[in-house]
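K.L.:
Here are the chains, one letter per residue:
There are 2 protein chains.
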Amino acid sequence: MALVVQKYGGSSVSDAERIRRVAERIVETKKAGHDVVVVASAMGDTTDDLLDLAQQVCPSPPARELDMLLTAGERISNALLAMAIESMGANARSFTGSQAGVITTGTHGNAKIMDVTPGRLRTALDEGQIVLVAGFQGVSQDTKDVTTLGRGGSDTTAVAVAAALGADVCEIYTDVDGVYTADPRIVPDARRLETISFEEMLEMAAAGTKVLMLRCVEYAKRYNLPIHVRSSYTDKPGTLVKGSMEDIPMEDAILTGVAHDRSEAKVTVTGVPDVPGYAAQVFRALADVDVNIDMVLQNISKVEDGKTDITFTCSRESAPRAVEKLTSLQDKIGFTRVLFDDLIGKVSLIGAGMRSHPGVTATFCEALAEAGINIDLISTSEIRISVLIKDTELDRAVAALHEAFNLGGEEQAVVYAGTGR
Amino acid sequence: MALVVQKYGGSSVSDAERIRRVAERIVETKKAGHDVVVVASAMGDTTDDLLDLAQQVCPSPPARELDMLLTAGERISNALLAMAIESMGANARSFTGSQAGVITTGTHGNAKIMDVTPGRLRTALDEGQIVLVAGFQGVSQDTKDVTTLGRGGSDTTAVAVAAALGADVCEIYTDVDGVYTADPRIVPDARRLETISFEEMLEMAAAGTKVLMLRCVEYAKRYNLPIHVRSSYTDKPGTLVKGSMEDIPMEDAILTGVAHDRSEAKVTVTGVPDVPGYAAQVFRALADVDVNIDMVLQNISKVEDGKTDITFTCSRESAPRAVEKLTSLQDKIGFTRVLFDDLIGKVSLIGAGMRSHPGVTATFCEALAEAGINIDLISTSEIRISVLIKDTELDRAVAALHEAFNLGGEEQAVVYAGTGR
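Chains as they are written, first to last, in the UniProt record's numbering: chain V, 1 to 421; chain X, 1 to 421.
Check the hints yourself; a few may be wrong.
A pair holds if it fits inside one copy or across any two, identical chains being indistinguishable in the list.
[Unchecked claim] Below, in silico cross-link-like pairs of lysine-lysine (DSBU-like), each with a Cα-Cα straight-line distance of 35 Å or less:
{"no.": "1", "residue 1": "Lys112", "residue 2": "Lys236"}
{"no.": "2", "residue 1": "Lys144", "residue 2": "Lys221"}
{"no.": "3", "residue 1": "Lys112", "residue 2": "Lys144"}
{"no.": "4", "residue 1": "Lys236", "residue 2": "Lys31"}
{"no.": "5", "residue 1": "Lys390", "residue 2": "Lys325"}
{"no.": "6", "residue 1": "Lys236", "residue 2": "Lys144"}
{"no.": "7", "residue 1": "Lys307", "residue 2": "Lys31"}
{"no.": "8", "residue 1": "Lys144", "residue 2": "Lys390"}
Hints were generated in silico from the structure; no laboratory data involved. Since the structure is predicted, the reported quantities are computational estimates derived from the model, not experimental observations.
Kindly produce the complete structure, drawing on both the sequences and the hints.
P.N.:
Given below as C-alpha cells:
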C-alpha cells in the first residue's frame, strides 16, 4: 500500500463524461489498496470563459480579484470529481487550496508555494477518504487572500502536496503518455523515455518540452519525489522522472532527447561601449521591468571603435517591454540601436551522456549544416546544447537532430490536444 | 455618513452589462459618502448550470460537495463585481462567506448562520474599500467545511452581515421595487407600501409573498435592522421594513396586503381514532421525515364511531414524503385513508389594523362568497387570515380581497422576471 498523488489537467476533466472516466481511474487506484490524493485543474475552457467575463467587466482586472475569479474553476472541477467518485461507491472529499493548507507568497497570478500544512488532508486520508485538492491555488501567508500559482500551477500543487504528505509517487496525467525524445507531433518515431533523471528533465523543460513545467520539476527534485508522467486516456506505462543524473553510471548515460521552443524573441543591442559596467546596465534595466533572459551572447562588432553588440533572448510576451525600456535608456547607456526579431526558434539536445561522449557538439552542428540550417547563436550547459535558428526551420532541425543521434523508436506515439494549465 | 449593506440578486448580475450597472450604483453610494458592503448572489443561471453538471456526474450528489460546487457561483459574481467597481476608479475587495466570517451550522444545503465575525470586512472598510461578500454561503463551525444557506440565503447573508457590522440599513435589490399590497402581476393597481413593520412582513412572507424570505426578516427583526426593499432597475423609493407593530398607534394601524401561495399541498388523514395521542403520532411521523406543517384542521367526521379526520398543508415537494410515511404507519396508527390534493392555493389578508377593526373576517368571507369561491380551510393569527381554496381560483380571490378591503393605489407597479436565490 502506497500513498499516491494523481494530477489531472483541464482536458482530462473537460466534461461530465471525462470526469466520470477520471473518477473511475481514481477509484481503481483506491481499490488496489492505495491512499489516493487527487489534484485537478479547472474543466477545459472554464479558465478562458472566466477571463473573457473579466475582460467584459474590466479591461485590466485587479490581480487579487482575478485570482478569486479563476480559482472558482478548480473548485467546480474538484467538487464534480468528488461527486463522480461518490456515485461509484467510494468516499471522497474535496478541498480548496486554502483548506488543503497550500500557503503561498502574496504575488497574485504568480504566487510561489512557501509551505503546505496538510492537516485536513491527512485526517481525511486516515478516515479512508479519497482526497481532492483544487490545483493552481493557495492562500497568501500574509493577507490570507486567495492566490494562484501561474502556468503549470496544478502540477506544482500536486508535487508540493505529495512532498508534504510524504507520498510515494506523484502521477501527472496529461495529454501525452510520457516524456518523448522529441515532440511526437514533429517526429513521428519519437521514443518514449521509461525514466529520466531530474536534471535531464529540468533541462528538457527549460528547453521548451511542455510535458512538465520547470517549477514543478524543481520542486520534485528538491524533495526527491518521483514524478510519473502518464496519459489520462491510456494505460501505457508512461515516463518516470526520478533520481539524480549523478547516480547514472557514466557508461549507461545516454542522450535524452531533442527539445524545441517557439516562445522566445531575440533582442540585440548594438554599439554598446565595450567598457566594464555597460553590459551590467543593460541587464539591470531588463531586470527592472521583470524580463527573464534566456540565452546571451556578447561579441565585439568593431574592434577599432571599442563597441560591442549584446544579443539576448527572452519570452515573446516580455520582448516589447524589454525593447521599450532599453530604448528609453539609449542616451544614458549610449548604445547605437535596439534590434528585435521574433521569427526565431530554439532547438536543444539534452542528455547526461553528453558528458562522456565527445564530439556531440560537432555532430550537432554537422546535422544542422547538412539540413541547410543556419545557426544564429549557441549556448550550452553540461548536459545541453541549444542553438537559435529561424522559426520556419525549427521542425526540420528537430527531425534532423533526432535522426542524427539515433533517438528514434519503433512505436508510434499517441498524441491528444490539451490545455496548458 | 452611514454604513449601508446592499444585496443584489442573481438577475441583477446576470451578465457583464448588468454587473457594470450594479457596480455603478454601488460606486454612487460610496461617492455619496457612505461605507458600502455588498452581498451578491450568483449570476443568473449559474446555479442551475452547476446543478445540471452535478446531475450529469452523480444522480444524487453528496451535500458537502454540492455546497463546494454551488458556492463557486457567488465567488465568480462577486469577483466580477469587484473588478467592475475597480474599473470605475473605486477600490473594492471581495470575500467568500468563509473569509467574511459567516459561521454556520453544518447542515449542508440548508445551514443556519450562527455568528458573523466580520474582522476582515471591518479592516477593509477602515481602509476605504467597498467590501463585497459572497452571499448564500458560510463555513461550518465544527468541520470548517463550506456550507450554503438554502433558498433566499443571500438575503440572510446581507442581513446577518449588516447586523454584525452595525449597519444603518440593509438594502435588498430585487426584481420588484418594493413590497406591494398584492402581487402586481395579479392585481395591476396593487399599491407599494412605504413602510411595513417586521411582524407584518413576517406574516406576508409566511403567507407566500416572495419579496423577502422569512428567515431574513426574522433575522432583521431580532437585530432591529431596517431592510430597504428596492428595485435594481429603477430609482424608486421602495419599501422600508422596520419597527415593531406594537409601536404603531392603534388608530393608524391598517390592513397591509393580500398574499397568496401556490406552493402547498393538502393531505387529509381520515378515520383517526379520536383518542388523545393519535394526532400526536401523525405529527411525530411527519416530523421524522422532515415535513413542515403549515395549516392544520382536525374535525370529527363521525361522532358515533369515535373517529376524526386530520387535514394539514405542507410544501408540494414534501407532500409525497408525508403521504409515503403516513401510509407506512396505517396499521400502527389505525386510520382509514390518506388523501392528497395539490390543486389548492392559499390566500391571506395581513395587517396590524385587523386587531382594531372588527368584522374583517366577515368581510373577508363575504368577498370570497360574492366571487363564488369556496373556502376549504381557515386559519388565523392576530394579524392574518388565511384560507385554502382551489388553485384555479387563487388569482380571482386575491383580486376580490384586494378590492373588498380597498387596498389599491393609483400607480401601476413595475415588474421584472427574476430568480429566487
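K.L.:
Work down the list of hints and note, for each, if the structure agrees.
P.N.:
Hint-by-hint comparison with the structure:
With identical chains, the CA atoms of Lys112 and Lys236 are at most 35 Å apart within one copy only, with a shortest distance of 32 Å there and 49 Å across copies. For the homomeric pair Lys144 and Lys221, the shortest alpha-carbon distances inside one copy (28 Å) and between copies (34 Å) are both at most 35 Å. For a Cα distance limit of 35 Å, the shortest separation of Lys112 from Lys144 qualifies both inside one copy, at 14 Å, and across copies, at 25 Å. In this assembly of identical chains, the alpha carbons of Lys236 and Lys31 lie at most 35 Å apart only when taken from the same copy (19 Å versus 62 Å across copies).
In this assembly of identical chains, the alpha carbons of Lys390 and Lys325 lie at most 35 Å apart only when taken from the same copy (25 Å versus 77 Å across copies). Taking CA atoms no more than 35 Å apart as the test, Lys236 paired with Lys144 passes in neither setting, with 41 Å inside one copy and 40 Å between copies. Taking the closest pair of Cα atoms, Lys307 and Lys31 never come within 35 Å of each other, the shortest separation being 69 Å inside a single copy and 58 Å across copies. Taking the closest pair of Cα atoms, Lys144 and Lys390 never come within 35 Å of each other, the shortest separation being 46 Å inside a single copy and 56 Å across copies.
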